[in-house]
Amino acid sequence: DDMPTTKMIIEGVGYLGSFLVVISMLMTSVKRLRIVNTVGSVIFTTYALIIRSYPTAFMNLCLICINLYQLYKLGKKSESYSLIKTVTGKGSVLFLTDYYKDDICRFFPDFTTDKIKDCDAAFLILYGTSPAGMLLGKNAGEDTIDVAVDYAMPEYRDCSVGRFLYSGLLEHGVKRLRYNGALSSQYEGYMLRMGFVRNGEGFVKEL
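Each residue of the sequence shown is one higher than the one before, starting from 3 at the first, in this note's numbering.
Since the hints were made in silico from the structure, they are not lab data.
Do not take every clue at face value.
Claimed, not checked - With a straight-line Cα cutoff of 20 Å, these simulated EDC-like cross-link-like pairs (lysine to aspartate or glutamate) come out:
1) Lys117 <-> Asp104
2) Lys117 <-> Asp100
3) Lys177 <-> Asp122
4) Lys92 <-> Asp116
5) Lys207 <-> Glu144
6) Lys92 <-> Asp122
7) Lys140 <-> Asp116
8) Lys75 <-> Asp160
9) Lys117 <-> Asp105
Unchecked claim - Now the in silico label distances, taken between C-beta atoms and shown as ranges:
10) Lys92 <-> Ala142: 20 to 26 Å
11) Val89 <-> Leu18: 48 to 54 Å
12) Leu76 <-> Phe21: 21 to 27 Å
The structure displayed is predicted, hence computed values, not measured ones.
Glycine is no exception: its CB is placed at the ideal position from the N, C-alpha and C atoms.
Can you make the complete structure from the sequences, with help from the hints?
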């Protein structure tokens with residue numbers, strides 16, 4: 003009687019590992035993809051060893067090693083970032099905000115491209131030569147920026163962009179960030195993880 007149950011459990015382990023590997027491929031965050039893929043590969047390796055499918059186990063062990071190496075490289079990613087102060091009225095800022103407009107609105111429901119005209123503070127974060135994120139806002143005096151958009155491109159959403167941005171802003175004389183507009187609950191959680199604190203209707207972060 004125990005044999006069918008044991009077989010079902012073993013097959014369930016295999017399906018779980020396969021499911022996690024497949025789901026990881028749908029993730030836009032490279033770091034999250036690697037982590038979930040690694041967990042799935044570990045589970046599937048265990049399954050392959052149990053059923054004595056050693057070639058399958060070997061393949062998944064190779065995937066685990068590749069993922070761990072890539073996660074190690076991602077841990078050093080901040081060394082490849084650069085922060086550029088720019089202007090909001092033309093060029094790359096307008097292109098990027100228009101290109102990512104729908105995604106930006108998921109996190110900042112009040113955002114419109116017209117709001118960019120009111121911004122006089124703009125920073126782009128580059129990974130190598132590729133845009134990884136941007137911060138747009140208004141200079142509010144006293145080394146403070148009232149943030150309109152603090153956005154990371156989908157493939158760079160592992161918090162490393164934010165950490166680099168907030169440390170880099172200090173070098174540009176910015177000591178405080180404030181945000182008072184509408185936010186998605188997902189982005190509120192991100193801001194709290196990154197050290198913002200609630201301040202009345204909005205959030206503030208001391209850099």
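Hint numbers not upheld by this structure, sorted from lowest to highest
none
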